[in-house]
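*Asks:* Residue numbers (my numbering), protein chains in the order written: chain A, 7 to 326; chain B, 15 to 436.
Simulated from the structure, these hints should not be mistaken for laboratory data. If you're wondering where the values come from, they're calculated on a predicted model, not measured in any experiment. The beta-carbon is built from N, C-alpha and C at its ideal position, and this holds for glycine as well. Be aware that one or more of the hints could be misleading.
What the hints assert, rightly or not - Short derived list, chain B residues pointing at chain A, Cβ under 7 Å:
#, residue
1, Gln113
2, Ala394
3, Gln405
As the list claims (entries may be wrong) - A few chain A residues that face chain B, going by a derived Cβ cut-off under 8 Å, partial list only:
#, residue
4, Phe109
5, Leu178
6, Gly267
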Amino acid sequence: MHTHALSMESKTLPPQAQRAASHRMRHALPWLLLAPALLLVCGVLLVPLGVGVSYAFQSMSMDNLFGEAGFAGLDNFRTLADDPKLGGVLRNTLGWTVYSLVFQCGLGFGLALLLRHSGTGGRRLQALLFLPWAIPSVLIGLVWKMLFSPYTSPLPHWLAYLGVLPQAADILADPDLAMLGPVVANVWFGIPFFTITLLAALQAIPEDLYEASALDGATAVQSFVRITLPLVMPTLLITVLLRSVWIVNFGDLVWIMTQGGPVGATQILPTYLFSTAFTDLNEGYASALAVAQLVLLLVYAATVLRLRRRIMAGRTEEST
Amino acid sequence: MRKIALYGPLLLAGLLGGGLAHAGKLKVVEVITSPERTKLLQTQLAAFQQANPSTTVELITIPWDGAFEKVLVMFKSGQIPDVIEMPERWSALYVKGKQLEPLDPWLKSSKELATLQKSVQEAARFGADKTYQIPYGFYMKALFYNKKLLAQAGVRPPSTQDEFVKAVEAVSTKVPGKYGYCLRGGRGGGFEWLGHSTTYGGTGAFFDKDGNSLYSSAAFQKGMQMVVDFYQKGYAPKESISWGYNEIVTGFYSGTCAMLEQDADALIGIAEKMNSKDFGVVPVPTGPNGKGYPNTGFAGWAMTSASANKDEGWKLIQFLSAAKQNLEWAKVVGVLPIHQGAEADPAFAGEHWAGWFQTLKQSDKYRQLTPPVNLPEWGAMYDKTMVETGQEMLLGKRSVPEVAKQWADTLTAAQRKFTAAH
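So here's chain A without its partners, still in its complex pose (with noise of 0.2 Å):
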């Protein structure tokens, strides 16, 4: 009966109107057609996140662990304001960030670079190398976390004996050495990645880049500089970005590993904001450091993302 009246009434419009609808249905068929996606992700993303946001002004605590929330205004943040700990913390994540970032970065791109001409054979170390990549963190903890003790590996000895360390000890049980463990366990765990994501940028630079350079005298230094390295950046700055937020958030490797400790050591911001939660019971003030975090990374990626586009910008002001 309605669709009745509907064409009827289309029947019926001035073409000039017709020609609006149609346009109308136009813009609007992408979005019903994404429709179920969105409300999907909708769902599953923004409806968490936002419930997690919520908590962070409320009072979930010990004392009302499984009863009403009550609201709590900005406390939660007042306590993140003054939480002695706090700094400590942020210093580490920043340690364990950066730490762990160059160094994958670095012998990701380095073994990206080796890979480049490397055949067939290359292919196949491509899937060896990518292996780590594969396994789960859980497992990757437990395995370095042994393989650090000098009573269950012989790793510790060696260094001794090479004069690395002064004696063959834990470094994880040393709270002026126990953050290089987690990192050396995510260096290793990350290599793969950038080694692929930068392979596949190297591999799309035209052959023809490089021999007309090497034409013109050009070194192989200045030809990484000049080309290999300005056709890699999108790609590296984008790569850069992920990792950087997905260490940030790596924080089940250095609980497996050291819990944070000792003595607080390891702690960076996801181990102090599950213990908070799951130790303490203090759920609001997890959120409140959630949201902190959260809000750090957005303005981060921002920060990485703007220099992309000024990098790009500047490129295609160059080849015009």
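Here the structure of chain A is known, so what remains is to put chain B in place on it, guided by the hints.
*Replies:* Using the frame of chain A, we list chain B on its own:
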């Protein structure tokens, strides 16, 4: 085929989730897991189902690492089981949150559980007037010692705290590359700061009669200082600052450290890896007043207040706690059984078990020490504060009196809150 792929998971989800409210269906959660004990539990649950054909039991096994978080999330999201294994340290939170059902109405009239030991019944009440779980056994500390290392150092297994300190020193200084004490400074390391303190304090309590924490007393701090000295003098491995359960047990059976305070459940692992003639178990050392205070923990079966099948739930708890099943359980899990006379079983007659049964038999000399698990704040104190600040003391970053004062202040406040509420 495609239909199965499509509807199979849906059907499974329906079966798992939808059937909960039906009468006769029990969801049981196990949290302290090992392959052997899960197998035994499955056998016992099957026997229960055979005896009660109208009830079906679904077992959910959650590995101990991370179990606390997972169970908490289950409860908070409304996926509440009917019967749950409840470690004593969790109980205060769940009791306070009114998540557990008092079992007294059923327990009073239960013939099967009439032979429960008195200490079991007391423990089950958590210092309050209601019974919130039926413990399935006690985890009690005794002292494991390495016979070879002690012989090399020329000392006998210690029976007093002074002998213990001397033995630790002797092994560490006379046997090259070996340590006297297996210290637990990492996960679960709160343990180091309980028993040694109460032994010097000559009490099984953690508060004086006015509710003040005894950590402010010189005697308690002496116990703490002893552990700190062990570490700083090199009587325990440098790594032990981050050792958890697995590491201390490995340290002991690999012969790295000579003495270890542990529960009977460690006996199973150690007996597998070590020649049974090479190690012994004695009661924990006694303090200046001639008494020893073995740290005693327990876990048991509890029923949730949200359960829709409480009578069936009780039947199951009663079945698992009955003398026959409990004895099987105690042997596999490595806990001390809960019924009177169970220690007469030949399985507990061996040399190693004597360490615990001597403790139990001399109940005047060895007083069980139960940490203040009735305080909701205890979990964070034991699992976090004591580990972090304990490491600070071991490394000499903070002094024992300074940290002891912090603990005393926190615990006294928590105790006051508890007393005011009860």
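*Asks:* Holds or violated: is the Cβ of glutamine 113 of chain B closer than 7 Å to a Cβ in chain A?
*Replies:* This hint holds: glutamine 113 of chain B lies near chain A, its Cβ roughly 6 Å from the closest one there, short of 7 Å.
*Asks:* Holds or violated: the hint that glutamine 405 of chain B contacts chain A, with Cβ atoms closer than 7 Å.
*Replies:* The hint holds - glutamine 405 of chain B has a Cβ within 7 Å of chain A, the shortest such distance being about 5 Å.
*Asks:* For the hint on leucine 178 of chain A, just tell me whether its beta-carbon gets within less than 8 Å of chain B.
*Replies:* Check passed: Cβ of leucine 178 of chain A comes within 6 Å of chain B, closer than 8 Å.
*Asks:* Against chain B, is phenylalanine 109 of chain A within 8 Å by beta-carbon distance?
*Replies:* violated, 24 Å
*Asks:* Is the shortest C-beta separation between glycine 267 of chain A and chain B less than 8 Å?
*Replies:* holds, 6 Å
*Asks:* Next item in the hint list is alanine 394 of chain B. Is there a CB on chain A closer than 7 Å to its CB?
*Replies:* Alanine 394 of chain B check passes; min Cβ-Cβ to chain A is 5 Å, inside 7 Å.
Checked against the numbered hints given earlier, this structure breaks only hint 4.
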